[in-house]
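Each chain is listed here by its residues.
Protein chains: 2
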Amino acid sequence: MSWEENVRKTVPYVPGEQPKIENIIKLNTNENPYPPAPGVQKALEELKEGYDILRKYPAPACDILEEVLSDYYGLPREQLFVGVGSDDVLSMAFLAFFHGEKPVLFPDITYSFYDVWAEVYGIPYKTVPLTGEFEINADDYDIPNGGIVIANPNAPTGIAKPGEWMDEFISRHRDVVVIVDEAYVDFGGETCIPLIEKYDNLLVTQTFSKSRSLAGLRIGMAFGSRKLIGYLKDVKFSVNSYTMNTPSLVLGRESVLDEAYFREKVDAVIKTREWTKKELKELGFTMTESSTNFLFVSHPQKNAEEIMKRLRDEGIIVRHFKKPRIDNYLRISIGTDEEMKKLVSVLKNIL
Amino acid sequence: MSWEENVRKTVPYVPGEQPKIENIIKLNTNENPYPPAPGVQKALEELKEGYDILRKYPAPACDILEEVLSDYYGLPREQLFVGVGSDDVLSMAFLAFFHGEKPVLFPDITYSFYDVWAEVYGIPYKTVPLTGEFEINADDYDIPNGGIVIANPNAPTGIAKPGEWMDEFISRHRDVVVIVDEAYVDFGGETCIPLIEKYDNLLVTQTFSKSRSLAGLRIGMAFGSRKLIGYLKDVKFSVNSYTMNTPSLVLGRESVLDEAYFREKVDAVIKTREWTKKELKELGFTMTESSTNFLFVSHPQKNAEEIMKRLRDEGIIVRHFKKPRIDNYLRISIGTDEEMKKLVSVLKNIL
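In order, the protein sequence lines correspond to chains Y and X. Numbering-wise, our numbering puts 416 at position 174 of the first sequence, and it's gapless, one number per residue. Numbering-wise, our numbering puts 593 at position 351 of the second sequence, and it's gapless, one number per residue.
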């Protein structure tokens with residue numbers, strides 16, 4: 243026998259490129275174009291002064307961060323969970339909640355990590371096709387299942403379902419855990435957090451990576467009933483007691499404390515998105531109705547992959563998915579006004 | 243059916259306490275009493291100045307850190323892996339390499355996270371008793387198995403096996419992955435890293451948490467054959483693309499670059515350990531031969547748990563494991579000279 247026979251072989255998720263080229267306009271990973279809250283810089287000064295603290299383990303329960311999140315969301319800490327980006331939170335949730343025989347359901351076009359987690363943890367799953375307009379049809383989920391995952395707003399389509407629709411949808415699935423991935427919710431979606439009081443089987447996840455300009459810190463969070471969060475923490479502390487490092491805890495805290503800055507920058511991104519939408523429509527692009535910090539666009543006369551390559555030649559990186567149904571679309575993150583003006587002018591030349 | 247039926251229910255690992263009390267002498271989690279390398283402070287200043295970088299995702303491949311580790315260990319990056327503490331590295335390794343039917347073997351007295359990972363991932367396992375002197379008997383592992391995990395030096399016993407012994411041991415187990423957990427190796431153990439060229443089924447793990455005074459950053463690493471590390475990275479990138487946040491990468495790098503400081507502080511800990519050993523022996527303590535930054539001690543006249551409680555009343559925290567065979571032992575981390583002098587003087591009063 244060879245040791246290789248016992249190896250779990252998987253095909254990993256491939257994230258958007260982090261290019262090392264200077265002066266590139268990076269619109270491929272939905273990062274925020276604005277810096278994190280100024281308090282983050284202040285906290286870095288304090289961390290520098292008191293850097294001896296790094297020799298100690300962080301508090302496993304993530305007190306520093308959970309306490310401000312508890313205040314911010316008006317929820318007890320027993321209904322909060324934090325992890326290394328919402329990827330870590332979602333991965334732990336898949337491991338914790340999808341331990342049955344029936345397939346977990348999620349749309350065929352959605353965040354492409356869901357099937358990777360299902361594969362790595364050996365979870366049966368089934369994708370449910372979106373409609374021709376990339377909409378979720380609730381009735382399609384009325385089949386035997388072991389759980390449901392919905393990104394709302396969805397990615398890479400950017401389309402959001404209203405809270406009322408989500409409420410009705412979750413009410414139909416009380417016997418399995420329903421995960422609502424709200425990575426992009428701050429840019430125009432309606433959060434399901436209020437529904438966790440109504441549905442003890444609902445887990446809502448969010449992230450600091452997009453709206454809080456802190457992708458580099460890796461902070462994600464989840465909200466749910468005490469029971470649900472309790473199970474999730476048991477699994478988390480069975481995998482790693484100290485996932486959140488000290489910089490994440492002390493810097494992440496500052497972001498939560500500065501609500502005015504947060505709102506200001508989210509509003510700026512939304513304003514730029516609406517301007518970009520108008521300009522791209524004038525160039526003949528069709529697109530979904532985005533409630534996120536990206537646009538999902540297609541051009542009737544020009545192949546998406548070709549546009550992507552031409553943009554790259556001009557120093558602008560956008561995301562193209564070589565996948566059925568969406569391979570003639572581009573996902574374009576919203577940058578600063580200047581970056582988007584440059585994008586529009588380069589696209590004018592390409593078309 | 244209730245959603246709870248599909249939940250993976252686990253009993254998590256309980257790490258040593260991180261008390262919030264001021265002025266405590268903390269000898270319970272094997273942290274280093276000395277600050278991290280001065281370069282870490284300098285890098286924090288740079289991170290403060292350029293804090294805008296935090297809005298971007300870190301490089302998934304951890305380039306900044308892997309590059310210096312590659313130089314330091316003289317190994318190509320394809321033979322290196324980094325994770326969120328060696329807990330993350332080990333957890334990923336359990337998930338990746340122990341995907342068979344036969345039980346994974348590890349000592350009955352060792353790092354108490356091994357059985358927790360086996361439980362959470364549904365891996366069959368069997369503990370192999372150490373001898374009466376807390377030694378590993380190689381022959382006991384000559385039974386059908388799906389993998390082996392050895393902490394060397396072992397914890398909480400502190401006992402190290404020489405490289406030659408390990409070489410012979412691994413040579414007997416070529417058909418399964420053998421993990422050697424070297425969390426404490428820098429304090430007197432002999433590393434198995436050179437053996438990865440000989441055994442493509444050997445994974446060696448280490449950490450920045452003890453000898454590099456960076457428990458607060460959560461950095462661990464693994465070394466192995468290209469094939470082994472390739473499989474491990476596939477699993478890691480199937481769980482989370484960006485586990486290592488930007489502060490971990492840029493600050494961790496500085497620690498690796500300052501070899502003189504590293505050696506100086508490791509030597510200081512060893513010197514203090516030897517002094518403490520002598521003093522505790524004079525107080526009647528028996529102990530194992532520690533090659534780590536802690537001592538594993540017992541007193542023939544006084545109950546360990548009672549000593550632990552009395553020490554706590556005096557503001558000194560040490561670790562006691564309520565477990566068969568070792569419940570009359572204490573694990574005492576090595577602090578500064580001043581802290582250990584205080585410990586000895588308080589123990590004199592207790593006894």
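These are computed hints drawn from the structure, not numbers from a lab. There may be inaccurate statements among the hints.
Treat identical chains as interchangeable: a pair holds within one or across any two.
What the hints assert, rightly or not - Pairs of lysine-lysine residues, derived as DSS-like cross-links and limited to a Cα-Cα distance of at most 27 Å, are as follows: (1) K251 <-> K584; (2) K440 <-> K584; (3) K469 <-> K544; (4) K440 <-> K469; (5) K584 <-> K469; (6) K298 <-> K519; (7) K298 <-> K284; (8) K298 <-> K469.
Each hint, compared with the structure:
When the C-alpha separation of K251 and K584 is checked against a cutoff of 27 Å, the pair qualifies neither within a copy, at 43 Å, nor between copies, at 52 Å. When the C-alpha separation of K440 and K584 is checked against a cutoff of 27 Å, the pair qualifies neither within a copy, at 47 Å, nor between copies, at 55 Å. In the homo-oligomer, the alpha carbons of K469 and K544 never lie at most 27 Å apart, since the shortest distance is 51 Å inside one protomer and 42 Å across protomers. In this assembly of identical chains, K440 and K469 lie within 27 Å of each other by CA distance solely inside one copy; the values are 13 Å within and 49 Å between copies.
Within a single copy, K584 and K469 get their C-alpha atoms no closer than 50 Å, and across copies no closer than 44 Å, so neither meets the 27 Å cut-off. Taking CA atoms no more than 27 Å apart as the test, K298 paired with K519 passes between copies only; the shortest distance there is 24 Å, against 48 Å inside one copy. Taking CA atoms no more than 27 Å apart as the test, K298 paired with K284 passes in both settings, with 21 Å inside one copy and 19 Å between copies. In the homo-oligomer, the alpha carbons of K298 and K469 never lie at most 27 Å apart, since the shortest distance is 31 Å inside one protomer and 34 Å across protomers.
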